[in-house]
Amino acid sequence: MGKLVYQGIRLLPVIFFFLHAPLFPAYGQTVVEGSVRDDKSREPLAGATIVQKNTTNGVSTGPDGTFRFTVQGSLPLTLSVSLIGYHPGEIDIYDASEPLVVSLREATNFLDEVVITGYTVQQRKSISGSIVSLNVTDAITDSPDQDINKLLQGRASGVQVLSNDGVPGGGVTFLIRGNNSINGSIDPLYVIDGVFVGTGGGVSYPGGGQAASNPLADINPADIENISILKDANATAIYGSQGANGVVIITTKRGKVNTKAKIALNVSRGWSEAIRQFQAITGPETGQLVNEAVYNTAVDRGIDPSTVTLPFPDYASLPTYDRISDLFRTAASSTYELSASGGTAGSSYYIGLGYTSQESIVKPSGFERYSGRLNYDTNLSEKLKVGTSLSLVRTYRNVSNSDNDPTGVINSAIFVRSYLPVFKDDGSYARYGAFDNHLALIEHLDNNAVNWRTIGNLYAEYAFLPDLKFRSSWSVDNSELTEHNYSDTFVNAGVAAKGRATARSTRSLVYTAEQLLTWIRSFGSRHSLNALLGNTVNARLREQATVTGSGFATNDLRDISVAAITSGSATTSESRLLSFFGKAGYTYNGRYTLEGSIRADASSRFGKNKRWGYFPATGFTWNAGTEEFIKKLRIFDALKVRASFGYSGNQNGISDYAALGLWGANATYLEIAGTSPSQLANPDLTWETTRQFDAGVEFTVLQSRLNVNFDYYDKYTYDLLLNVPVPFRSGFEYYLQNYGAISNRGVELTLQSVNVQTKDFTWTTDFNISHNKNKIVKLASDITMGASGRNASILREGYPVNSFFLYKQLYVDPQTGNAVYDDVNDDKLITFADRQIVGNALPDFTGGLTNELTWKNVSLNLFFYFQQGNEILNMQDFFLVHGGTQNNIGFWPRQLERWQKAGDVTDIPRLTTFSGNPNENGGAANNYGGTVANLSSRYVDDGSFIRLKNISLSYRLPKTLVSRLRLGDVKLTASASNLLTFTRYGGLDPEVSAQSSNQNTAGYDWATVPQPRTYQFILNITL
Amino acid sequence: MKTIHTILTTLSFILSAILSVILLPSCEDFLDLSPSNSIPSDRAITDAGTLRAAVVGAYSQLQDYYSGSYVSLGVMPADFVSYNGTLSQYLQLDQNAIPNDNVITVGVYRTIYRAINSANSIIASVASIDDPLLTQAEKDNILGEAYFIRALAYFDLARGWGGVQIQLKPTETLDVLKGIQRSSQAGTYDQVAADLAEAERLLTDDASTRNRAQKATALALRARLHLYREQWDEAERYATQVINNPKYALVEPYEAFFTAPFLTEESVFELTFSLNDRNSYWNMWFPASLGGQYTLKPSDKAVERLSDPDTGGSRNAAIAGTGSNVYGRLYNTAGQAIDPAYVIRIAELYLIRAEARAKKASPDLAGATEDINKVRARAGVPPLTGVTGAPALIFAIEEENGVEFAFEAHRWFDLVRTRRAGEVLGITNTDFWLFPLPSSDILSDPDVTQNPGY
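Chains as they are written, first to last, in our numbering: chain A, 1 to 1023; chain B, 1 to 454.
Possibly wrong hints are sitting among the right ones.
Restraint-style ranges between C-beta atoms, simulated for each label pair [to be verified]:
hint, chain 1, residue 1, chain 2, residue 2, range
1, B, Leu-174, A, Trp-452, 38 to 48 Å
2, A, Thr-906, B, Thr-428, 30 to 40 Å
3, B, Ile-129, A, Phe-693, 49 to 59 Å
4, A, Leu-533, B, Ser-36, 29 to 39 Å
5, A, Pro-305, B, Thr-428, 14 to 24 Å
Rather than coming from a laboratory, the hints here were simulated on the basis of the structure. Source: prediction; values computed, not measured. All C-beta atoms, glycine included, are put in the ideal place defined by N, C-alpha and C.
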């Protein structure tokens, strides 16, 4: 759009000329002639298409760039001029008496694009790093997700984004070029307008292992202009110790000087529903399975089964109660955004206000956000500029327990046997086993979290000389989270306590002060040099106070001040980081660029001996497209080859005092405070370091219609911050050491294609695909974890992280119906030694495909996301295909596929609760219990999928109508997300990661809210 | 106006530049941070205050494994409690199919060694403390407590896992671990005996303390140790010493000892919990309708024995509910969660003595019958009749132990100790009479070996 406007300005002199020409009426057919030229070189352009607007009447220019044809109708009329490699133009004809001269501007290639990099802005052609730059367009924000990191899914190569569940504002796994660390953080560094933002301190309530909230949901995507994702060592090294997992630089919208106010209003309404719901079997089916298990167990025990009393002799008459449909709803969402931007001669502003509310498709969760932003820049003098970026956000979340919590909403509905009534005879909520009543939870549980977050930055920039600038920037990210959890006496947690309430207040504060000196200078026409020196001081503080109360006089009372029993606690923790950095680049003749950077960081978390870390990096760029011999090939419109190498560090994710030997003071007995050893000292603890090599090529072919970007990288992270398991006889579980190494290698390919570009119709395709191979190169010993102590995940040298560690079921013996497992050590027994790696939660390939078709005022956007090669451990199957061993748990439909009689071929073994000979392979004990304890590969499923993540159809009202309404632009959009999903996964939805609060236990599907299908209507109005 | 702006901005800019320079020399101070909820290890035990805190911390470690997990290990693999829940680690205990990463066995094993490390730290540091506020008597007492805690910890390891690796020095660095192999079960019991002897020497008795170690506590544990080691005469002798101590008596009714405010005369050693230091084990026993999880359920056998006036008597107070909803209520402070962990009750000493008298070289069956009948009488159960001969009496003692300690950490360890787990429970593979060592230890410790069968 912007380019067309520019083109219009170019044509102004031409139009002006005709406006001042003597006017005379033109009748009937008019012959128009003229020529088309390049606007810079003035060379004639052959093959340009000239079409009379709103007709099919047209002609092409000849080899000399001239054209001549007869137009229809009377003057004035409009001609459209287009040529591949040039921006299309339009010209209004008032007079055909003189030959026309039409100038077309060459379409610049993507290497001329300006990219935001670490602390600077550079043209892509001189960047040696691997950086994805995304302008946040409507096509991206039209998705129902309101979290900026979720919106990046499938949009950027080398970036793997997975929503952990379908709860709005819920946790997200965001990996740049694979998983770098085991006990350190794997989150990238997020920098919003120069502010290092905190990613910790999410909602703490929901039980189990699920990350309950996404701290990036505190940012309104509508305020964002651009996102740069820094992936390789040279790009990230300037962020030193925080850059090892990549850096996401988010730049919000700012006004431009000397522009009149632009006011934009966006309104959307949406409806979400479950794509698939959980399923239970009927009461009679449950009774039949229970009977069968009892019968089979008697046979296994050598008892005459006819003497056994079956629990449900008349199972066919058992009733069936549906709980699952109580869980789901059609969830409503709405968003309102209002913004104004513009500027006067000396200053510019952007003001954004937003409100969004989204319900979860599973009751009772929901998410709400109010956001306000002010970005203001002003030139106090010719040399001094000051400004601010200020964001104030309030989020509200209604949360409920998930995954491994039997008193969570989903568990309470899916686990209880279907023949058991929801209510007791007296109408009160019925509870069974460890499970709560799902309706009681939906109607009475009241857990909410309100977060006030301020992200603010003040800066001053002083130009000593035009090419020497000093910038001082002071930032704060302050997050004040208040959580209130209340369980009244209708909810299990409140029954015995007579009402239980918890109030928790958590403050997470990040201060950053940054001083930066930049120098950019060209010497003659061939040499250009840039240099940067800087220093940052960064402090992170976390304070938490928790108060609990139990025993309330009535259910109407909720203030802990009136609880019978109260208790409280408060903690604080702080870390600091001091950094110095420098970066320099030299470009020769616009063709060769050599860059280098170094950063020195000192962290308060490390031992005094090893506090400082130094992270150098270098990169080289060859802008080969400017070489004559490449030009002569006439293949490439642009070609750039680049390589980089360097180091970056990581210190996030470990405790603030991880290097110290400590005795914890929380060991209370008899109301006396006690102390006990809590942590072994490691004065040598230091940085986890990532070394990365990256080579890439970027080129444009087919007359600038196809951009290709290819990268290969080899990342090696060593001195891992690893909780090395130590023998328990030490009195400790782990010793945090710099031990171990992880390798990530991969390739990334991005294609951007303009398939068709005519005056009225444009079709563009963006495609990206990434492959990452993760491998643990060095590890002290196997480390198992996950699934609440069932240790279904393992870290093992030679294998990728997030591997599943289970017994591999070979088959179910058609004769006996008993499961037979892979006897790894061939000792004819099933023991722990027979557990093996049977899958992995990391995808081999991820990517996205976007097609945008625009015809006149209508545009259609189709966005597919895919991932391939990952497995999911279906914990619903694990629990609900239990063969009768769980008295209080119902069954999943898959249990019906069990072996029943000799000759049955199935992968679900015979029902039994027999426990004799737990080591026997092919024995009844290991069908569901025994040594295997149901940790069988039969519950691991292929998690690959392709999904139509978003499809949207927009219509822009015609200019004539819009201007009559005195509006700038009006656009109507209908969009649908997750409309189609292609997967072999047997659970509800393949986009899931329930145990996500630990990065090493990915890929679990465990009573998780599935991704919804959402329909949205969006209205954008610009004044 | 504009000038003021310019001046202010320039000032703040200069200030920030100066600040970042000032920070340079003092950056080491800037980066030295320490927590406010922990103390450095090298200052952990240095004076009277920190020593007292350390021994409190050691009791707290005992609480950690006795609050529930150790009890579960003592009851789930046996026949008085069955699995009724959703947590498969309890199913594994119930089925006696315990993988070496079973959450409960791993957790208990780890916590016991934490208690041992706390005790080792105290034992290693006491001598060097020079604090006028610390009297020799208090020093001895704390040292005695540390020895008792270590003895109990190793005893609980030995009867669950067999002989274990004996750590006697605090872990300041991992070097102290090197080269220590597993001892035999007898070797571990020897260490327990040695520590108990020290505890006995150092500790004193008062008239009221039941939740910290006393001389009598050490004697009681010693009686139990000798019983486990089949040293009948010593078992009888130590049991008698405790029984004769007027501080202890069988309380009536039976449920008095597990009713708040607890710490009855019944109790030789119990670990007290409080509102700020809770024990939520009740939650495992109570049904969901009462706010619990109902994972542990009295077995049909337990319900039958406890409900029968001729076997259970007033001990039926340990269960409640009807039909298929019978639940255990030994741990019952649902609202407050302050149930103690019952480690040694005087009833146990009577039954230890009964068994020792029945099994010793020259059996004293009359004395044994008298002891068992005391325990029965307290529960309102008629005296034993028709039991003749040592084997029958020994069986009666076994049954009495089962009913008396239905939901305490006894039955499984008793049946293994008497090698009766095969006959009574059908666990004929004796490999499964010991718990597996944690898989993570097998992976990370070059000096350890796994128990056979795992």
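Each hint, compared with the structure:
{"no.": "1", "hint": "B/Leu-174 with A/Trp-452: 38 to 48 Å", "in the structure": "holds (45 Å)"}
{"no.": "2", "hint": "A/Thr-906 with B/Thr-428: 30 to 40 Å", "in the structure": "holds (32 Å)"}
{"no.": "3", "hint": "B/Ile-129 with A/Phe-693: 49 to 59 Å", "in the structure": "holds (57 Å)"}
{"no.": "4", "hint": "A/Leu-533 with B/Ser-36: 29 to 39 Å", "in the structure": "holds (36 Å)"}
{"no.": "5", "hint": "A/Pro-305 with B/Thr-428: 14 to 24 Å", "in the structure": "holds (23 Å)"}
Comparing the model with each numbered hint stated earlier shows that all of them hold.
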